[in-house]
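Produce the complete structure using the sequences and hints provided.
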Amino acid sequence: MTDATRAGILPCQSIDELITQGAILSATPFDADQVQPASLDLRLAARCWRVRASFLPRLGRTVASRIADVAMHELDLTRGAVLEKGCVYIAELQERLHLPPGVSARANPKSSTGRVDVFVRLLSDNQPAFDDVIEGYDGPTYIEIAPQTFSILVRTGTRLNQLRLKRGSPAKLLTKSVGVDLSDGIAGFRARRHAGVIDMDNVDGHDPRNYWEPLIPQNGELLLDPGEFYILASKEAIEIPVLQAAEMTPIDPSVGEFRVHYAGFFDPGFGTEEAQGVGSKGVLEVRSHETPFLLEDGQTVARLVYEPLTAKPSRLYGDQGSHYQRQGLKLSKHFQRWPTNA
1 MTDATRAGIL
11 PCQSIDELIT
21 QGAILSATPF
31 DADQVQPASL
41 DLRLAARCWR
51 VRASFLPRLG
61 RTVASRIADV
71 AMHELDLTRG
81 AVLEKGCVYI
91 AELQERLHLP
101 PGVSARANPK
111 SSTGRVDVFV
121 RLLSDNQPAF
131 DDVIEGYDGP
141 TYIEIAPQTF
151 SILVRTGTRL
161 NQLRLKRGSP
171 AKLLTKSVGV
181 DLSDGIAGFR
191 ARRHAGVIDM
201 DNVDGHDPRN
211 YWEPLIPQNG
221 ELLLDPGEFY
231 ILASKEAIEI
241 PVLQAAEMTP
251 IDPSVGEFRV
261 HYAGFFDPGF
271 GTEEAQGVGS
281 KGVLEVRSHE
291 TPFLLEDGQT
301 VARLVYEPLT
311 AKPSRLYGDQ
321 GSHYQRQGLK
331 LSKHFQRWPT
341 NA
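Using this note's numbering, the first residue of the sequence shown is number 1, and each one after it goes up by one.
There's no promise every hint is true.
[As the list claims (entries may be wrong)] Calculated pairs, DSS-like style, for lysine-lysine (alpha carbon to alpha carbon, straight line, at most 27 Å): (1) K176 x K235; (2) K235 x K85; (3) K235 x K172.
[Unchecked claim] DEER-style ranges, computed between Cβ atoms: (4) T20 x H194: 39 to 49 Å; (5) T175 x D225: 44 to 54 Å; (6) G168 x H98: 17 to 27 Å; (7) W338 x T62: 40 to 50 Å; (8) T175 x A129: 13 to 23 Å; (9) D76 x P250: 17 to 27 Å; (10) I134 x T291: 31 to 41 Å.
Derived by calculation from the structure, the hints in this document are not laboratory data.
Where a beta carbon is used, it is the ideal one built from N, C-alpha and C, also for glycine.
Take a look at the structure:
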């Protein structure tokens with residue numbers, strides 16, 4: 001590994017080493033593009049269960065044993081399956097972990113998952129917290145999937161979340177406020193409530209007009225309706241230095257009656273000149289809570305927390321052709337570009 005003593009997030013070459021050493025296992029070969037600059041995409045396995053309630057396995061309990069308690073029926077993902085909005089599912093992931101001492105992990109939804117309002121969380125055995133994997137964990141991984149606005153079509157191999165691996169407890173380097181851009185023209189999109197199914201593996205295969213309504217602010221303001229889902233963009237261009245990674249986190253609820261960002265990981269090189277991404281905006285996934293809320297141009301809606309890497313990654317964000325480098329306001333990769341005359 002690049003630096004076995006330095007605390008920080010592991011870059012792609014260190015993740016590759018963990019795979020070679022058997023610390024990250026899979027029953028099927030890893031995909032060529034599965035390892036990102038500072039994270040690992042996780043893939044759905046063959047089995048998925050509709051469950052009557054979400055859960056966390058307490059110490060001494062496995063996820064499999066809890067599934068047996070709450071499962072309603074089982075789905076075979078090898079043939080593809082539609083996961084209905086408003087329902088909760090637990091699926092096996094193909095990746096199994098055998099982490100060495102000193103290495104822990106944290107999961108987050110992929111950008112393309114959060115942007116279609118699909119709430120996902122990682123589960124692991126004996127771990128009473130979602131998305132966190134304890135140091136030295138040895139066991140299987142599962143994903144909780146809860147589509148909120150759109151029903152989705154998934155299959156074995158679909159990637160809905162990603163894993164960031166970490167050595168030690170690196171210090172937070174910097175926290176930046178992120179504002180919302182409600183200036184001119186189309187400033188965002190609101191999800192249509194009764195749209196069709198989204199195939200999560202079909203890139204550029206959906207007409208966005210069937211799923212989204214464009215939003216044009218009035219006087220730099222936008223009224224968020226309770227329970228609705230919005231896609232907005234950051235006021236600021238975001239840049240992640242090549243020796244750092246970042247996570248976007250919600251602001252304190254006392255600052256606003258809404259939640260921002262399901263998918264919070266930003267890889268090294270995002271928005272940088274070195275990775276040909278200058279000017280990239282952060283896309284914000286916003287859901288309003290119980291009361292209408294009037295959002296203003298430039299208002300702080302999230303925080304960006306930067307952490308160090310243990311070494312510079314051998315490839316940067318965008319090197320593998322990311323859909324989101326140099327982005328402004330942009331829907332997920334499942335949708336065609338919004339028509340200019342719409």
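### Task
Confirm or reject the claim that I134 and T291 have a C-beta distance inside 31 to 41 Å.
38 Å, holds
### Task
Starting from K176, check that the Cα of K235 is at most 27 Å away, please.
Holds, because 13 Å separates the two Cα atoms, which is no more than 27 Å.
### Query
If you check the beta carbons of T175 and D225, does the distance land in 44 to 54 Å?
30 Å, violated
### Task
Take a look at whether the Cβ-Cβ distance between W338 and T62 falls inside 40 to 50 Å.
45 Å, holds
### CB-CB spacing for H98 and G168 relative to the 17 to 27 Å hint
19 Å, holds
### Consistency of beta-carbon spacing, A129 to T175, with hint 13 to 23 Å
22 Å, holds
### Query
Falls inside 39 to 49 Å, the C-beta gap from T20 to H194?
With a Cβ separation near 48 Å, T20 and H194 satisfy 39 to 49 Å, so the hint holds.
#### Entry: Pairwise hint evaluation, K85 against K235, where the allowed Cα distance is 27 Å at most
Given pair K235, K85 is violated - Cα atoms ~31 Å apart, limit 27 Å.
### Message
Assuming the hint says 17 to 27 Å, is it satisfied by the Cβ distance from D76 to P250 or not?
### Response
36 Å Cβ-Cβ, so the 17 to 27 Å window is violated.
### Query
Between K235 and K172, does the CA-CA distance stay at or below 27 Å?
23 Å, holds
Checked against the numbered hints given earlier, the structure breaks hints 2, 5 and 9 and satisfies all the rest.
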